[in-house]
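Protein chains in written order, with the numbering used here: chain L, 130 to 492; chain X, 130 to 492; chain W, 130 to 492; chain F, 130 to 492.
Do not rely on the hints blindly, as some may be mistaken.
For chains that are exact copies, the list does not tell them apart, and a pair is met inside one copy or across any two.
As the list claims (entries may be wrong) - DSS-like cross-link-like pairs, simulated, lysine-lysine; straight-line CA separation at most 27 angstroms:
| no. | residue 1 | residue 2 |
| --- | --- | --- |
| 1 | K442 | K319 |
| 2 | K442 | K332 |
| 3 | K311 | K332 |
| 4 | K401 | K442 |
| 5 | K439 | K404 |
| 6 | K136 | K439 |
| 7 | K332 | K448 |
| 8 | K404 | K136 |
| 9 | K439 | K332 |
| 10 | K448 | K404 |
| 11 | K311 | K203 |
| 12 | K319 | K332 |
| 13 | K401 | K439 |
| 14 | K319 | K401 |
| 15 | K404 | K332 |
| 16 | K404 | K319 |
| 17 | K442 | K136 |
| 18 | K311 | K404 |
Honestly, the hints are just simulated from the structure, not real lab data.
Protein chains: 4
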Amino acid sequence: MSSEFGKILKVSVFGQSHGTAIGVNIDGLPAGEEIDLEELQRFLDRRRPGKNPLSTARNEGDVPEILSGLLDGKTCGAPLCAIIRNSDQHSGDYAELQDKPRPGHADYTAWVKWRGQADMRGGGHFSGRLTAPLCIAGGIAKQILARRGVYVGAHLQVVGGIADAPFPLMPTPELFEEVIRKPFPVLDDKTGETMQAIILNAKEGQTSVGGSVECAAIGLPAGLGDPMFDGVENRLAVALFGIPAVKCVEFGMGFAASAVLAASSNDSFAVKDGKIVTETNRAGGILGGITTGMPVVLQVAFKPTPSIGKPQKTVSLSKMENTTLTVHGRHDPCIAHRAVPVVEAVTATVLLDLLLEGNHGTF
Amino acid sequence: MSSEFGKILKVSVFGQSHGTAIGVNIDGLPAGEEIDLEELQRFLDRRRPGKNPLSTARNEGDVPEILSGLLDGKTCGAPLCAIIRNSDQHSGDYAELQDKPRPGHADYTAWVKWRGQADMRGGGHFSGRLTAPLCIAGGIAKQILARRGVYVGAHLQVVGGIADAPFPLMPTPELFEEVIRKPFPVLDDKTGETMQAIILNAKEGQTSVGGSVECAAIGLPAGLGDPMFDGVENRLAVALFGIPAVKCVEFGMGFAASAVLAASSNDSFAVKDGKIVTETNRAGGILGGITTGMPVVLQVAFKPTPSIGKPQKTVSLSKMENTTLTVHGRHDPCIAHRAVPVVEAVTATVLLDLLLEGNHGTF
Amino acid sequence: MSSEFGKILKVSVFGQSHGTAIGVNIDGLPAGEEIDLEELQRFLDRRRPGKNPLSTARNEGDVPEILSGLLDGKTCGAPLCAIIRNSDQHSGDYAELQDKPRPGHADYTAWVKWRGQADMRGGGHFSGRLTAPLCIAGGIAKQILARRGVYVGAHLQVVGGIADAPFPLMPTPELFEEVIRKPFPVLDDKTGETMQAIILNAKEGQTSVGGSVECAAIGLPAGLGDPMFDGVENRLAVALFGIPAVKCVEFGMGFAASAVLAASSNDSFAVKDGKIVTETNRAGGILGGITTGMPVVLQVAFKPTPSIGKPQKTVSLSKMENTTLTVHGRHDPCIAHRAVPVVEAVTATVLLDLLLEGNHGTF
Amino acid sequence: MSSEFGKILKVSVFGQSHGTAIGVNIDGLPAGEEIDLEELQRFLDRRRPGKNPLSTARNEGDVPEILSGLLDGKTCGAPLCAIIRNSDQHSGDYAELQDKPRPGHADYTAWVKWRGQADMRGGGHFSGRLTAPLCIAGGIAKQILARRGVYVGAHLQVVGGIADAPFPLMPTPELFEEVIRKPFPVLDDKTGETMQAIILNAKEGQTSVGGSVECAAIGLPAGLGDPMFDGVENRLAVALFGIPAVKCVEFGMGFAASAVLAASSNDSFAVKDGKIVTETNRAGGILGGITTGMPVVLQVAFKPTPSIGKPQKTVSLSKMENTTLTVHGRHDPCIAHRAVPVVEAVTATVLLDLLLEGNHGTF
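For reference, chain L alone in the conformation it holds in the complex:
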């Protein structure tokens, strides 16, 4: 059950960074949904590397081949499997890594877990490359959600401690669309310039920098999610922590709620246009694990890409002795800005799963 999430809509991801292909199997999509493949490609392109100096030079077309589940452009109820063949692999870059695990990466734990048999070329199954198939699932989910009036968007929230303006309490689709049109996915362009400078600076210094993404879903009905361990937060968290390098998931005010009094945390209820709403949305649209009908808002923090050019202390697994490692190869000086569509994708997939479950109230 490792590389899979979902309940009604099951998403299984497979592939290794330098294997034949990576891909995703999506089981449980509703039938009769038209999938706009060009729109899907545009979504995938938002995550694709090799476009500018802010990301890895690895250049993958990332054009998916859909093997099943589509008939005449529409979902047919059967599982949809899509694959992306790997093309621009430089596996030679990774030879040294078979013996010297990169600090901060999963090399060592994969080696332990799989008793020295893991595919460690480029991080293998733990590579950020596996987020491409997640984006296939999420891009499809976004199209189906849109048809049901639900819009999912995101922006780069933090890079190296510098914070973009947070979403206003009630984010809108228009705001998201604007972010998508920008070359750098922030709300405030001035802050975006600083962030880019930080990333390029890290690149020059042969290091990397952390960041975070804020995501929101607008248009969800109230009543989605089940109590305790099967709520919206639980289900989103289990999926979001599956994105490589994520170390924190928070909803609404998140950690900041630990610093305030109730008056700054509770959201007053009010009747507006015959509907119950909250005047603020500090809860991030979720109370008791169940949607309130307000936008679901979440933040996801990414640590700095662990693969850096600077020499680092590590061990030789074969000799069991201390040594030093200099990682060559092509790496991202920051992963967070490329993760914006990934967080959208995962969020959209989980929310579609919840919507399909369909046991939310009708009040």
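Here the structure of chain L is known, so what remains is to put chains X, W and F in place on it, guided by the hints.
Only chains X, W and F this time, still in chain L's reference frame:
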């Protein structure tokens, strides 16, 4: 699947705050494990309310009755079900709440989800009282883990923005035991005094304050957890977000990783006493979702208890109009300090589940 | 996940034959469903032992106490936990069995599984007594299904090779109600008399006899169930094989389909009253794992109760040598006739789970 | 969760009969297992159609392409995804079927389930062709099981009511190997000739005939499986009912146990060579859902292939009126003999999953 978590070890929680009983069914415990019921009671007592002015005046003995799964004091392989009968209920306090949902609480979403049929007395199934059965499961898990060399402990990390010293990078069982012996579960007593003042101040002001708990597990083998969506972080998150009022879950450096360069995030590997360790533990003992063998460290943030004495704006569900609510009844001015054993309990239960799965490597 | 089944509606069973209590936790019931406790008790009484010489002399009132999930007689969305305290235990009868596993019973495998720590008194967690909590879940499911136009009924199909008339191809609720009113649950009373003679004969001979139960569900919509491994047959099978002593589960023609040509197996489609029906129902209302809208029909075969008075060859676990066992205690000379409501209960619970999933088509 | 089964080892099947490709994703394989691809191909060839007049003329090479999970011929811990591209499709044969559901096939239920959007060419996702990916999973599982001393084999048990000699109570690998070497997979060749005559006769008459497969697994340890709903029988049943056309699953004596007294159903225990065994194996190696250490023996019954050349009564979905259908295209006059490796495959996969769970006792 709502009020349940776990894979090999399944934990199902039931009950409502003012119902006949609350309880837990634990399926998948290894057989032959001696359960020290007095030790379990001492653990439950750490969470029990009514002990001092820092928590609700509701006074529940919280002595569990074990209905199954034990034979001559040992687990017998069959599911272990334990219940706690509710005794000190003042349901009258909650009559007004049937129509006026408390801001920040699950009253409104429960009403939507369950079409007006939810048990809304004292938060019903969403009450913090449901953490008592979680502590039964966790207290048992802690005893079984201890026999396997794994120690789980926690401390109050933040109250109202004031932070206790974080766990040193390599926490020890001795440190935890000291925290347990204290009346207020912090590392630094001076900070603890300030925190208590903040809580009592919130109480006087008929409001409440947020906080956070830091938890660590020492002695886990490397190789626990599966990649992507079934890793240690995913599984802990799904369970921890089931604790009422949790809005953030983070591992190791957590959100702070978004503000630093790789040099401050990566942990160097080193050989020490013939074993591979990391020199720091910013990853919180987890890389790629899999344990490194270093302590697993996590933080959980709690929002202020939503039930407060101050008048708040809300709506009348029956009249669909705006109104004001003054919550009576007995409430906690802060939930975080009582949540310390709850976070330990949930963490211990998840980690035991992972240990029982037993497919970690043997290197 | 052992003693649990279901997807939206999760049913967890706990308890041992001679423990403090047995019970069931039902998570995922729709809210606002009135539960008629007297009707539930009447349903439980159909399974209750000690009523006549055809079943064990163990006399249990089997009156459940509902601990949670009900408010003013209606489900409130929260998990419903119900327990039955054991009363008429004669554990002394079982002392010898701790060392000598009964042939055909789970004593030996429980001993292996749980490393000698299993509760082996009366079969422990493997006892047929655990079907009482299943009937609580099923009795509740039957009431909720009835409100949705679905009726589940069953009859004793075979005892010792003697077969009751099978359900006509299109069984009716009236037929079921008639079976319920009879002291012995068959369609044809003459056959029923022969069956009773066989059972009493087995009892006299200190042995037991096998049998089977046929069950049908009327009124289900077409389109329930998912393809391949999550179909109606798969889900019913996983639950039905959980009833002790079941060795065969079949749908529609079942095994007999292996002996015929397609003309005797295919059901012609026809339009009747503006609805698509099949003229026969050899498929048992299921094609490709999905309901056709015709009655779901299934058969479940039970082996003879393994506990018999006759001396049998077995081993001493402590001495690892061959020995002989004479089982004392009170046992059923046939379990199949008491299993009629149990099969109904399990079938009803699974079908309600499927109905609640709600992703069947709307054509 | 529809087209997926397994707990530690998750198997997801995708594809439609006339789509681009069919395939399987296998998540949870142990790392470092060498996969002999030639041996895998030989196993797949046992199921492959087009070899003789006893099966459909559709001629597919059925050579899998492995996209992930293998490194230098060994499993690497990551999910193994394998696909087979469809080649010999005659989709034109199926045009009429879009409107006229074939009796006995899933056409109608797929149409309802997926609201008229199902891929109905050749049965779409419900086609027997989907058993090819199951055989990929099973062929791999068989190789891994063999390395652990577990052998899984099967034979054609019944065709049209004519029964092959059942497995002797203690089947052996040698017996299975002999069946594999034969062109027709029976124990008794004389009976095999009669069965072939029945199949050819059905083919001539443009109809089809049912059959059954008996399967056994030798070498399993005692103690596999969990009680009640997660036992060996439950898990095998959920997977086996996923094979198209299966209507009955039984273990050991199966349905026949309903016709006998306990003396003919119970298996005496005995100590043999210092190990506890049963003298007979009527339980099919399973007591209380847990393995005894004796061979697991099961039978699976298949209905006649529903697609037959003879005209049949059905309905027009568009006109909602009665009509007649003559199925053209290439079909199997019997599916049971080709299902022998499929039953082996599914059984092997489930048993490997159980073995990997690893929580069986050690006595």
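Inset, instruction - Against the structure, test the hints numbered earlier, and report the numbers of the ones violated in rising order. - result: Those not satisfied are hints 1, 6, 7, 8, 11, 14, 15, 16, 17, 18.
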